[in-house]
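Put chain B on the given structure of chain A with help from the hints.
2 protein chains.
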Amino acid sequence: MFVNYPNGKRFIPRTKETEARVKNIKNNSFSNRGMTLEEDLNESNEYYRNIKMAVIHKKPTPVQIVQVDYPNRSAAVIKEAYFKLASTTDYNGVYKGKYIDFEAKETQNETSIPLKNFHQHQIDHMRDCLAQGGICFVILRFTRFDQVYLLEAKHLLTFWDRMTNGGRKSITKEEIEQFGHYIPLGFQPRIDYISIIDMLIFS
Amino acid sequence: MFVNYPNGKRFIPRTKETEARVKNIKNNSFSNRGMTLEEDLNESNEYYRNIKMAVIHKKPTPVQIVQVDYPNRSAAVIKEAYFKLASTTDYNGVYKGKYIDFEAKETQNETSIPLKNFHQHQIDHMRDCLAQGGICFVILRFTRFDQVYLLEAKHLLTFWDRMTNGGRKSITKEEIEQFGHYIPLGFQPRIDYISIIDMLIFS
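In the order they appear, the protein sequences are chains A and B.
For the first sequence, the tail end lands on 202 under numbering that gives the first Met the number 0, and the numbers increase by one without skipping.
For the second sequence, the tail end lands on 202 under numbering that gives the first Met the number 0, and the numbers increase by one without skipping.
Hint data in this document are derived by calculation from the structure and do not stem from the laboratory.
Quantities reported herein were computed from a predicted structural model and do not represent experimental measurements.
Think of the CB as a built atom: it goes at the ideal place given N, C-alpha and C, for glycine as much as any other residue.
Treat the hints loosely; a few may be bogus.
As the list claims (entries may be wrong) - Going by beta-carbon spacing under 8 Å, a handful of chain B positions derived as facing chain A:
1) TYR46
2) ARG48
3) ASN49
4) ILE50
5) HIS56
6) LYS57
7) LYS58
8) ALA75
9) ILE77
10) TYR81
11) VAL93
12) TYR94
13) GLY132
14) PRO183
15) GLY185
Excised from the complex, chain A in its bound form (with noise of 0.2 Å):
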């Protein structure tokens, strides 16, 4: 199961200009600064391990490693590799013993997400670690209107099975408004779904 990249967006190695912009941008305002969701919970799941407050990491980006040249003892360069599909959620980790685990969607539609967004295996496994007593949720971010939404795993499976049954392909935005939890964009940490979790499972 080879895939063009996550998303079928394109990979662009960062550079030290984007570096840089990304830098600038950051100083000036809480919102739109031009990171992405991904870059935006890094940043939050970094702050949450600096200040010990739970340990969360983004896999690895699954790769199919089909070449390498060993040029030298120190220096392995994979020649050869494709993207994969990955068979989990992106985001796991611990808070407060408990098994987090977490997908994150950015859409520039304005209305709606789509659920081809997700794949049948992350569903499958949100289902897994559901019925295993972890704590699972989506993270969904309208880009046009910088909005940042929690919504719990149990939503997104109703939803995804309205579709399997024949109903829309898409969660639109006032389900999730309906549904989900709003997350106001912070400085440290920038999204701060922990908040959330704390509300919504230990409070």
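This is chain B only, laid out in the frame that chain A set:
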């Protein structure tokens, strides 16, 4: 931080011949089937997932991607990439709502496990997971004897601290026998480490 490959081992893509060899060996006996510890653990985790007992996965090998070619829309080819040192342990997941996190190492050594098999990032990660109430351990195999042990992270950390305080750079087999838990090899699952976790945590 680029490395040759985790543990300095060369990457050898699995061919149809080795697949067949592994399959043949598998049909013979529980022990010495010529499978790596990683293969045995992947099989065990798949078994746990299939019977809906636990959801535990190996994380993908972290790779720094430098160049990607797009010969056509549906086939991105990674043309240059490097192995990165993992910032966490290799395996994690959920069992009975609890966060499970572990690393697996095998050694040809007959008398001890060298601590250079672990690196500082992994040790820090285990310390942080323990502080969050995660269930954290290592699975160690002495390949010459085909003996597998589960050693709780708290003990590994003690031996690590002994080393950083000037003590020995390995854990002796006697110490592992004393502080660890022997896991008899089985058929399904091959390495039933969850039964040890059950005994240690849930009984």
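Here's how the hints hold up against the structure:
Given hint, TYR46(B) at the interface with chain A, is violated; its Cβ is 13 Å from that chain's nearest Cβ, farther than 8 Å. At a threshold of 8 Å, the smallest CB-CB gap from ARG48(B) to chain A is about 7 Å, leaving the interface hint in force. Hint status for ASN49(B) relative to chain A: violated, with the closest Cβ pair at about 10 Å, above 8 Å. For the restraint placing ILE50(B) at the interface with chain A, the shortest Cβ-Cβ distance is roughly 11 Å, beyond the 8 Å limit, so the hint is violated.
Because the beta carbon of HIS56(B) sits about 5 Å from the nearest beta carbon in chain A, less than 8 Å, this interface hint is met. A least Cβ separation of about 10 Å between LYS57(B) and chain A goes past the 8 Å threshold, and the interface hint is therefore violated. Hint status for LYS58(B) relative to chain A: holds, with the closest Cβ pair at about 5 Å, below 8 Å. Look at ALA75(B): its Cβ gets to within about 5 Å of chain A, closer than 8 Å, so that hint holds up.
With 8 Å as the threshold, the beta carbon of ILE77(B) comes within range of chain A, its nearest partner Cβ sitting at about 4 Å, so the hint holds. Interface restraint check for TYR81(B): the shortest CB-CB distance to chain A comes to about 7 Å, inside 8 Å, so the restraint holds. Proximity of VAL93(B) to chain A holds as hinted, the smallest CB-CB distance being about 4 Å (cut-off 8 Å). For the restraint placing TYR94(B) at the interface with chain A, the shortest Cβ-Cβ distance is roughly 7 Å, inside the 8 Å limit, so the hint holds.
Interface hint at GLY132(B): satisfied, since its Cβ lies 3 Å from the closest Cβ of chain A, which is below the 8 Å cut-off. Taken as an interface hint, PRO183(B) does not check out: its beta carbon lies about 25 Å from the nearest beta carbon of chain A, beyond 8 Å. Checking GLY185(B) against chain A: minimum C-beta separation of about 22 Å lies over 8 Å; hint violated.
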